[in-house]
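Residue numbering for the sequence shown follows my numbering, starting at 2 and increasing by one per position.
Where hints are given, some of them may not hold.
Distance ranges between label pairs, derived from CB positions [unchecked claim]:
no. : residue 1 : residue 2 : range
1   : Gly80     : Met133    : 28 to 34 angstroms
2   : Cys45     : Asp89     : 41 to 47 angstroms
3   : Cys45     : Ser84     : 49 to 55 angstroms
4   : Met133    : Ala15     : 26 to 32 angstroms
5   : Trp42     : Arg81     : 31 to 37 angstroms
Honestly, the hints are just simulated from the structure, not real lab data.
Glycine included, C-beta positions come from ideal geometry on N, C-alpha and C.
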Amino acid sequence: MATEIFRRTLMARAAPALVCAGSLSLLAADAFGGRLGLTLWSLCMAGISLLAGAGLVLALGDEVVVDASGVQLRNRYLGRRRSLAWDDIREVRPLVGMGGRRSRALCVIPHHGRRLILDSLRHMDRLQELLMAGNDTTGSAPL
2 MATEIFRRTL MARAAPALVC AGSLSLLAAD AFGGRLGLTL WSLCMAGISL
52 LAGAGLVLAL GDEVVVDASG VQLRNRYLGR RRSLAWDDIR EVRPLVGMGG
102 RRSRALCVIP HHGRRLILDS LRHMDRLQEL LMAGNDTTGS APL
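Construct the entire structure; sequences and hints are all you get.
Following this line, the structure appears as structure tokens:
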């Protein structure tokens, strides 16, 4: 099986970038307006900028890798990794959204340990197809 990599959607990457840019521009406008120094407003804007920047790093670096060995969730920039072999996966199911509608998220449930929630990824239908094929009763990797 060839390795397939799934990354965050454009909106999942653009939202923290826009929040970060907007809060930094408001902070810069305040500084250029002559109001220098620590105020509650400037501290809030700086905090929002830092949090949005962290969200941007997470969104840009997140990848889901599906290969013959199983599923791996990793972040290219932070080095965080979480791997599940095909034999470790008990169930893969789509999450149900509001009003019973099908959600764009998948829940990967291992035999032991924490669940893995996969959402806001490009080509989610292909990812679901690969995970369902890999989670057959034999525990073998998808073709």
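Arg81 and Trp42 - C-beta distance against the hinted 31 to 37 angstroms: Since the Cβ atoms of Trp42 and Arg81 sit about 34 angstroms apart, the hinted range of 31 to 37 angstroms holds.
If I claimed the Cβ atoms of Gly80 and Met133 lie 28 to 34 angstroms apart, would that claim hold in this structure? 29 angstroms Cβ-Cβ, so the 28 to 34 angstroms window holds.
Is the distance from the Cβ of Cys45 to the Cβ of Asp89 consistent with 41 to 47 angstroms? Hint holds: Cβ distance 43 angstroms, inside 41 to 47 angstroms.
State, for the Cβ atoms of Met133 and Ala15, whether the hinted interval 26 to 32 angstroms holds or is violated. Holds, at about 29 angstroms.
Look at the Cβ atoms of Cys45 and Ser84 and judge whether their distance stays inside 49 to 55 angstroms. Violated, at about 39 angstroms.
Checked against the numbered hints given earlier, this structure breaks only hint 3.
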